[in-house]
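Q: Work the whole structure out from these sequences, hints included.
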Amino acid sequence: MDLLAAGFVYLVAAVIAVPLAKRLGLGSVLGYLIAGVVIGPVLGVVGGETVDIQHFAEFGVVMMLFLVGLELQPAMLWRMRAQLLGLGGMQVLGSAVLIAAAALVFGVAWQASLALGMILALSSTAIVLQTLGEKGLMPTAGGKGSFSVLLTQDIAVIPMLALMPLLAVNAVAGGHDGHGDSGHGAPAADAHGHGHGAPTLFDTLPDWAQAVAVLLIIGGIIVAGRTVIRPVFRFIAEARLREIFTAAALMLVIGIALLMNYVGLSPALGTFLAGVVLSDSEYRHELESDIEPFKGLLLGLFFITVGAGIDFQLLLSNPVGLVGLALGLMALKAGVLYVLGTGFGLRGADRWLFSLGLAQAGEFAFVLFGFAAGAGILGAEVIKPMTLVVALTMLLTPLLFILYEKVLAPRAVRTEDRAADEIDEAGSIVVAGIGRVGQIITRMLVTNGHKVTVLDHDPETIENLSRIGFRAYYGDATRPDLLHSAGLEDAKLFIAALDDREKQTELVHHVAKTYPQVTIHARAHDRHHVYELERAGAHLAQRETFEGALAMGRDAMTAIGYHPFRAEAASRTFRNHDREALDGLRESWNEGGVSKSYIDAMRAHSQTLFELMKADRHDTHDRSERGWTPPPKGDASL
Amino acid sequence: MKALVYLAHPRPDRSEINAPMFEAARGIEGITCVDLYGEYPSFEIDVDHEQQRITEHDAIVFLHPLYWYSAPAMLKEWQDLVLEHGFAYGHAGHALDGKVTFNAVTCGAAAEAYTPEGANGAHLRDLLMPFEKTADLCRMRYLAPFALFGAGRAVEEGRDQPHLAEWRTLLKALRDDRLDIAAARAALSLNGFKAAGVAKLEAV
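Residue numbers (the working numbering), protein chains in the order written: chain A, 1 to 638; chain B, 1 to 204.
Calculated from the structure, these hints are not laboratory results.
Result set (DMTMM-like, lysine to aspartate or glutamate): computed pairs, CA atoms no more than 20 Å apart in a straight line:
id : chain 1 : residue 1 : chain 2 : residue 2
1  : A       : Lys633    : B       : Glu84
2  : A       : Lys22     : A       : Glu134
3  : A       : Lys503    : A       : Asp481
4  : A       : Lys492    : A       : Glu534
5  : A       : Lys633    : B       : Asp80
6  : A       : Lys513    : A       : Glu534
A: Structure representation (structure tokens):
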């Protein structure tokens, strides 16, 4: 079967299985895995090319790591340091040591045991984050703890990759030249430069130099990210071509992956680092939105290939042993997590979510198996069954989530007091458009200590704002995916302040429809635009020129000799009347244009206002000064 | 008696007594509660709306901290605008005749300061004379103030909860016409109803 036809089969399987799995409450990851099992081992539609497609699909992991990196602002990492080092660090260490010990008991060499321990200590970021997000469990204490651990694990991959070559020093002879057949057996084993036959830069280096090279390359990426990549993105953004920006984002990720392949390092590691470097850049949200769909699709493909690559022959040869191994691994990891969760104050449902959710082995295992095979640490006789075990733990994870949801969580909530949820910092605010209007609103909110995410499509404005210390992100705010990655579903307030009248209405309409829980305030061009925006779903629409014009009218009156307080009162009267008119005319207005009834109502209102102002000028009973006029002379009761 | 509680506090977020008192009043059925600073953040009081409101109620309570022996500016603005000639006073102004009114205030200084011998040289009721005279002019029935002294230390000293409980009892008694109005008008304070000679109140 050629690659195109195989791709078609994969997509068909995904399109059928994933929505079905989601409908049944199993989550998308299990859907992909099942789709893979069906087209692979069960129906036998795909087979030999699984390995080829997996090389391609592993790019999903690479992109996911880039996205995880993008989320990791150095400041946030620093804030989370206790959780990362304590909870995450102890999970990785504890699980790695125990798994290694177990492997030693099974008679595996110590280097290989250590490698296995490290590899299997990691959990599946893709499955867990996806599932927590889908089930809305991210904000719980268990969800937050899980996120910290996953983050630590993703970072821990770096030292692991650096350690692997050192473990190989005394390992199986002939392994680490990269041509040994240890890498060819497992479906995922040889994706990363090793084992492809082409010698990499790395293979020519002595082992100690490999570790040094890893560090040098990491440093290189950090420096290049700071000095080269950001200016390049600025240049591309100025061209204002959305597809070119997407192309540039892909180019960056693929480029780094290729470079890493060339030197013989993990592409996932490289892109992860690039993500961290770019995480506090103004292009973060746009990059996220551009890469996200590719990641999702490729990651899906990756899971399908995992399903398709399950070696049923092998499984059937020793079903009890392999399933037992998978269950044992999960029990061991869950045990470590349970103890740590207890130590870090997780109770009840949260503790169960934390320990069961992270008990599986992760997609990194496939990547690291490949690396370890290439370095000659692990042989096919270990990797083949272990790959199966990893896939089995992943298959079991959605079932554990179901167990948690249906059995453990309801019971735990009933029997144990849950600590009060942390109060979120006043809710976040997203401002779209940072032109003349958006800028003032944003400054006011930011100086009052609120977290504001700003989106704009003018690179120059963004650049200027970041120079004076504002966090603004480049991107077209009318793009649904950008709004999504700006965190609109968790936002309390959305302020639409685009210059373009039509785009503004369109934006409000989209946000109102997609995020019904978010309050929308919108800048309106004029009176009719107010009605348009209200109809599109804005909760509040302000004419952008109204208040400013009122202030100028008041100043004009003061300038020609009115007492300032009198001028202020007149502007208030005018404002109130105009607001009443706005309300009164709403019914008569329709989108097709102004009808006769609208014009009539408008006329009537102007007449009233004129009368009112005339009264203001001459009459004794002055509405705008009501209560500040003296009582009439000669009232007998005074 | 339909009662209306006006809160005049510019920083309810920093308030330890007034805000809880307002919340407590809000929780009582039959009491209308209005946060003046919340409703008119730019001091633009809707006079017609306010006049309508007080016309519809039989008792008007002003809940506020004591600022310079008076109320925060908003309440003064409310008086200046809402108590119009021809509405509240004057030959044709009879809208408020017979309505009951009093101040529920929090004071910074201790109770001893509010005596002829104390630092302020007068009883709180005497210091609030402008409110009383305004009520008289509007032909309303002015009651003694309901006060919490040393309000800044009330929470630390555990006096806030008893005060809130007494406040609830008072409002319910007012609502259910169980308050001896004549005695309450003659008293120095509405606190400790029994001591003030007001009808004995059971916790409702």
